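K.L.:
Spelled out, the chains give:
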Amino acid sequence: MYRYDEYDQALVDQRVAEFRDQTQRFLAGALSEDEFRALRLRNGLYIQRFAPMLRISIPYGLLSSRQLHMLAHIARSYDKGYGHFTTRQNIQFNWPKLEQVPDILADLASVEMHAIQTSGNCIRNITADHLAGVARDELVDPRPYCEITRQWATFHPEFNWLPRKFKIAFSSSTTDRAATLVHDIGVHIVRNEAGALGYRIFVGGGLGRMPMLAHQVRDFLPEADLLSYLEAVLRVYNRLGRRDNIHRARIKILVKELGPAKFTEAVEAEWAKIDKAAFTLDRAALERMKAHFTPHPYAASADSERDTRSYAAALAADSGFASFVRRNVRDHRVPGYKAVFVSLKAPGVAPGDISAAQLDLVAELAERYSFGEVRATHDQNLVLADVAQKDVYPLWQALKAAGLATPNIGLLTDLICCPGLDFCSLANAGSIGVAADINDRFDALDHLHDIGEIKLKMSGCMNGCGHHSVGHIGILGVDKKGEEWYQVTLGGSAENDASLGERTGPSFNRDAIADAVVRIVETYLDERRDEDETFLQCYRRVGMAPFKARLYAEEGVAA
Amino acid sequence: MSTLIRDNAAATDDFVALADDQPLPASGKIIVPLARWLELDRTAVTATVGVSVPNTVDIDAVWPALAGRPLIELNFPAFGDGRAYSQARVLRDRCGYAGELRARGAAVVVDQAAQLARCGFNAYVLRADQNAEAFLARLQRTAGTAWYQHPSQRPLPASARQA
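Chains L and F supply the protein sequences, listed in that same order.
Take the first sequence: its letter number 318 is residue 370 in the numbering used here, and every next letter is one higher.
Take the second sequence: its letter number 99 is residue 491 in the numbering used here, and every next letter is one higher.
Note that these hints are calculated values from the structure, not bench results.
None of these values were measured; they are calculated from a predicted model.
Incorrect hints may have been included.
Stated by the list, open to error - Incomplete in silico selection of chain F near chain L, CB under 8 Å:
#1 421
#2 475
#3 481
#4 484
#5 511
#6 537
For every residue, glycine included, the Cβ atom is placed at its ideal position computed from N, Cα and C.
Work the whole structure out from these sequences, hints included.
P.N.:
Shown next as structure tokens:
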């Protein structure tokens, strides 16, 4: 993975000192509330419902064991003993004290981490496929391009005070696992007909109160020109993006109001005027960055007949292990290796939450079994991406003992969820409690494995941190005269076939929402052609009508 | 009285903003709004005239009228409004503007000094509550920092740094 050099370290250290100074000036009354707010947000610090919340950057979701141990230390020393992985592959702590935040940032800097630009109207953490470098359907490893972009975006002097936040995601595989089409910029790394590497660029996607899918603005951008093109998009946005209304300030609104064709024209015109040579990523530069992401020293023996046989034997002998492997283990580019998902969606636990002890354990297991690296996913789980097949069984046993092996990746109970009313000052409805209810229903019914892949995504407010608009089933918390109600959408997707969910009809109250989800799933089970037809395929075939009929059939469910 | 910092030192402001109802003098150093400058018969101007540009203006479109000015002032009407940063970079990097580039407004504070300097400003009308020494110290530290972007303000990530 990318390691800091003296320049990277100096920049992060300097930022810690700067924020310590700003915090002291604020506490001494020399910096206004409003201005400190804008500055602390650019260091990941929100003031939440009960306490500050600190969001720590995990570039493209990649963590070392050493960094995980540090996160455990922070959870223990400054928080209530746990952290919360987010839908941006970052981690948040919900209980730090304002005065201690500079110390936390200093601790992070000691392991090459920071909280820079994890909030505020600037370029946020760059995200990517959590299976980058190991996926079988990958063209090239996107992470060198992500790191180049991360550095370009970090402390960019021109783009630190944008109209609104700005999110960039990369994908380089047949299946888009990074939800690129709901980002401000989605970059697809592709090869053109001549065989040259480059990018297809999408702009103007986003969730929140006006969910939209991104428009393609460029079919093929040469590999060397990534940064000059990003400059052009950001400059057009910085100049023309709306600043009169915070709800209309994202680039998606600019793209919509200008129209994708005129917006594209504006970007291309700006790009034509930029001195591209100043930004060119030459061969040597790309190679230097790629050298940070060379493949691990995989053992040829991992694919030996003996190892393959013992793996198969464990699968045959232990049905618990077999069900874990079916749901939580994916094939690896290298024969004999597996990518193992650590589920942070155990029943009774808020989605994405992890304790200090679990953080330490995952760090140790990664050290022992997966070359000391872990990935955070935008579905709020973790992945040990490079595990030899002989090690999957002992790894599973260790994860299971710690409550981290729930075999539910991609299933209904692997739902994604924002912190909701329980923690977030923006939320108008709880989401963690609803998640727990839904988990209970389906745990008790125990027919998860018959239901198959359903992505349920839930947000506690219009801001859509839980990505409800692209959930196969989406749930959005709304406030109605002081009561929590829930709108339901069906048919959203963030993958290649990206689409926005459609509302079922009137919303459900807190007591009825888990039942509504049960009814939706029952409708699917009745309507599907066979077990191979997924929820999304079924919905797209039969449409809303049968779901609606079942949902609103009886009195008292909806209002 | 606001403090002017110019070329990394406190300076006396030798330019005066000309009131809208005052006629253009024949000599002296004055600053006029862009709208007035565009309406003038510029060939007849004998005074030393700087121009103050609103942050909504497309620099490319007005550059022909700005070329050769000794001073261009860009405006930050709110702490979080960063439009003038893009204007500054277009003036310096694209137009090759080499005169005084002056920042004025709510964002001309110590906490944005680094970005201002790195986008090409060399003169700053400090917001009234700002401390000149702290601002100068921040400028100095900014100049001594190896940013990810090139010293000429052109982004150059570590990947492109010479090993």
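K.L.:
Please go over all the hints and tell whether each is borne out by the structure.
P.N.:
Quick rundown of the hints versus the structure:
Look at residue 421 of chain F: its Cβ only gets to about 29 Å from chain L, farther than 8 Å, so that hint breaks. With a cut of 8 Å, the hint placing residue 475 of chain F at the interface with chain L holds, because the nearest CB-to-CB distance is about 6 Å. For residue 481 of chain F, the interface hint holds, the least distance from its beta-carbon to any beta-carbon of chain L being 5 Å, beneath 8 Å. This hint is violated: residue 484 of chain F has a C-beta 11 Å from the nearest C-beta of chain L, more than the 8 Å allowed.
Given hint, residue 511 of chain F at the interface with chain L, holds; its Cβ is 5 Å from that chain's nearest Cβ, closer than 8 Å. The criterion of a C-beta within 8 Å of any C-beta in chain L is met by residue 537 of chain F, whose closest approach is roughly 6 Å, and the hint holds.
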